[in-house]
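K.L.:
Residue numbering for the sequence shown follows the working numbering, starting at 64 and increasing by one per position.
Just so you know, these hints were derived from the structure itself, not from any lab.
There's no promise every hint is true.
Quick list of simulated restraints, FRET-style, between CB atoms [what the hints assert, rightly or not]: (1) E260 / N486: 41 to 51 Å; (2) T395 / S365: 21 to 31 Å; (3) R407 / E480: 21 to 31 Å.
Lysine to aspartate or glutamate pairs mimicking DMTMM-like chemistry, simulated, CA-CA at most 25 Å apart [to be verified]: (4) K507 / E231; (5) K510 / E231; (6) K262 / D366.
The C-beta atom is built at its ideal place from N, Cα and C for all residues, glycine as well.
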Amino acid sequence: MDIIPCIKWVQRGIAKSIPDKVKLSEEELKRIIEDTKDKIDLANDEDDDQEEEEEEGSDMEEEVNAVNKSNAAKSGGKRKMDDDDDEEEDIETKYDLADYDNEDEIDMLKGIGDLTYFASNEDDPYVTMKDEGDSDDEDFEIKATDNLIVVAKAEKEFCCLEVYVYNEDLGNLYVHHDILLSSFPLAVEWLNYDIGEDKPGNFVAVGSMEPVIEIWDLDLVDSVEPVAVLGTKAKSKGKKQKKSDSHTDAVLNLSWNAQVRNVLGSASADCTVKLWDLSEGKPVTTITQHKDKVQCLSWCPSDSSSLLSGSFDKTVKMYDCRNPNKDFKSWTLNGEVENVLWDRFNTTNFYATTDKGYVFYMDQRSDKPVFTLSAHSEAVTGICQSSSVPGLLVTTSTDKTMKIWDVQDNKPSTVLERNLRLNQLFCVDSCPEAPFVFAVGGEKEIKVWDIRESATVRNHFADRAPVGVTMEGEGDIKEEVEQAMRDMMIDKEEEEDVNTLLGEGATA
Numbered sequence: 064m065d066i067i068p069c070i071k072w073v074q075r076g077i078a079k080s081i082p083d084k085v086k087l088s089e090e091e092l093k094r095i096i097e098d099t100k101d102k103i104d105l106a107n108d109e110d111d112d113q114e115e116e117e118e119e120g121s122d123m124e125e126e127v128n129a130v131n132k133s134n135a136a137k138s139g140g141k142r143k144m145d146d147d148d149d150e151e152e153d154i155e156t157k158y159d160l161a162d163y164d165n166e167d168e169i170d171m172l173k174g175i176g177d178l179t180y181f182a183s184n185e186d187d188p189y190v191t192m193k194d195e196g197d198s199d200d201e202d203f204e205i206k207a208t209d210n211l212i213v214v215a216k217a218e219k220e221f222c223c224l225e226v227y228v229y230n231e232d233l234g235n236l237y238v239h240h241d242i243l244l245s246s247f248p249l250a251v252e253w254l255n256y257d258i259g260e261d262k263p264g265n266f267v268a269v270g271s272m273e274p275v276i277e278i279w280d281l282d283l284v285d286s287v288e289p290v291a292v293l294g295t296k297a298k299s300k301g302k303k304q305k306k307s308d309s310h311t312d313a314v315l316n317l318s319w320n321a322q323v324r325n326v327l328g329s330a331s332a333d334c335t336v337k338l339w340d341l342s343e344g345k346p347v348t349t350i351t352q353h354k355d356k357v358q359c360l361s362w363c364p365s366d367s368s369s370l371l372s373g374s375f376d377k378t379v380k381m382y383d384c385r386n387p388n389k390d391f392k393s394w395t396l397n398g399e400v401e402n403v404l405w406d407r408f409n410t411t412n413f414y415a416t417t418d419k420g421y422v423f424y425m426d427q428r429s430d431k432p433v434f435t436l437s438a439h440s441e442a443v444t445g446i447c448q449s450s451s452v453p454g455l456l457v458t459t460s461t462d463k464t465m466k467i468w469d470v471q472d473n474k475p476s477t478v479l480e481r482n483l484r485l486n487q488l489f490c491v492d493s494c495p496e497a498p499f500v501f502a503v504g505g506e507k508e509i510k511v512w513d514i515r516e517s518a519t520v521r522n523h524f525a526d527r528a529p530v531g532v533t534m535e536g537e538g539d540i541k542e543e544v545e546q547a548m549r550d551m552m553i554d555k556e557e558e559e560d561v562n563t564l565l566g567e568g569a570t571a
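Based on the provided sequences and hints, a complete structural model is requested.
P.N.:
Structure follows, in structure tokens:
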């Protein structure tokens, strides 16, 4: 299982040209290994205790279930599921986690004891191909014209952040380094703020299935620990504790306030929004207006106190964060809210998407939508605008398609629809400097696509291209070839079936 649940671009000129490398002493490495092993042992002990409790209560549960089923059959009703079960099922369904959070999660960490006991590959007897140096040095350097893309990735064996380098001029895209994570990532947010020194920096905040937020330094390679952790985990697994200094359930989304740079917002499955003071590493406000899991957040780019949130309770709320639990406005939509996004070209308005496939364009001064768009046949999991082309909107969906829209003058129309062959799509983000470049994450991998490769897109948005951005036709042939290849592609499963049949025929 490979899933890309979230991605985030980093603007050019921020990252260090030569990132620092972690150099652990033998004592530091041993401490990290022992701490990790202690966590694993504790998790195993808690699982054993939980299993014993479940076994002790199983007989009584069976009797109660039998009575409930009998009563339900007589009344023709359905027994209501427990709220916590619903919560887990919602997240598991979205990312197909039914079989993920089991023994693999613990196995994923057991290998840390085998990590870097050797200062370099030259000293490691298991590395037979030694470092060549010259060819890697060029890729290791981050140029002023490079963007970084932070990609959260979950595989069956492990979870990590992959930090890609993308160069628009050269068309380069490669993984620069990665960061091992201990839990399934659900949200990433870039921070131009160094929490240790209260100055600009190059960091990423990560929300996961745990109730904490990890902050990692993107200018540091080979990190084994985050530079900071916001919140605390419950002491006993499976028991949610009420606490004001931390979330008590998964962190589903994050939004950094670019105007008040020490403030980070977090949305959680515990139905709350928290506002964190990064300089102190503590929450200063907890917003409790939603009745179900809060799935998305967005700070207004022109008003530092205005924050949007969207929830499984089918509402979008806008807060004045000077007094958010009293000064807020609410809108009810047609489904669970997947995303909220302020319109960068008109910040009195915003977009909201739902699991029913709809995009709502709202004016904060009105109770009714400016327009409603039936965009996809399934959940709209991603939405973003071009960084500098007015009216250019991109959406992604679990229906496996990415769509490019023109919403100029509040008259939305489809410009292009494309199946990217990534299966279900979970996220999309736009390059800060390149107005026609987008990164999309799906079940298999990421795709970075300059949509100018499409003649349809070029022709449609040519008159709105920013000064200095070319709209050349070099991508015409490439697009036609790629489309022909897509049309001819056989799904992997079908290809395997064909190969099997061919193999049987050859044997016969």
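K.L.:
Give a verdict on every hint.
P.N.:
Comparing the hints with the structure gives:
no. : hint                    : result
1   : E260 / N486: 41 to 51 Å : 42 Å, holds
2   : T395 / S365: 21 to 31 Å : 25 Å, holds
3   : R407 / E480: 21 to 31 Å : 23 Å, holds
4   : K507 / E231             : 23 Å, holds
5   : K510 / E231             : 14 Å, holds
6   : K262 / D366             : 21 Å, holds
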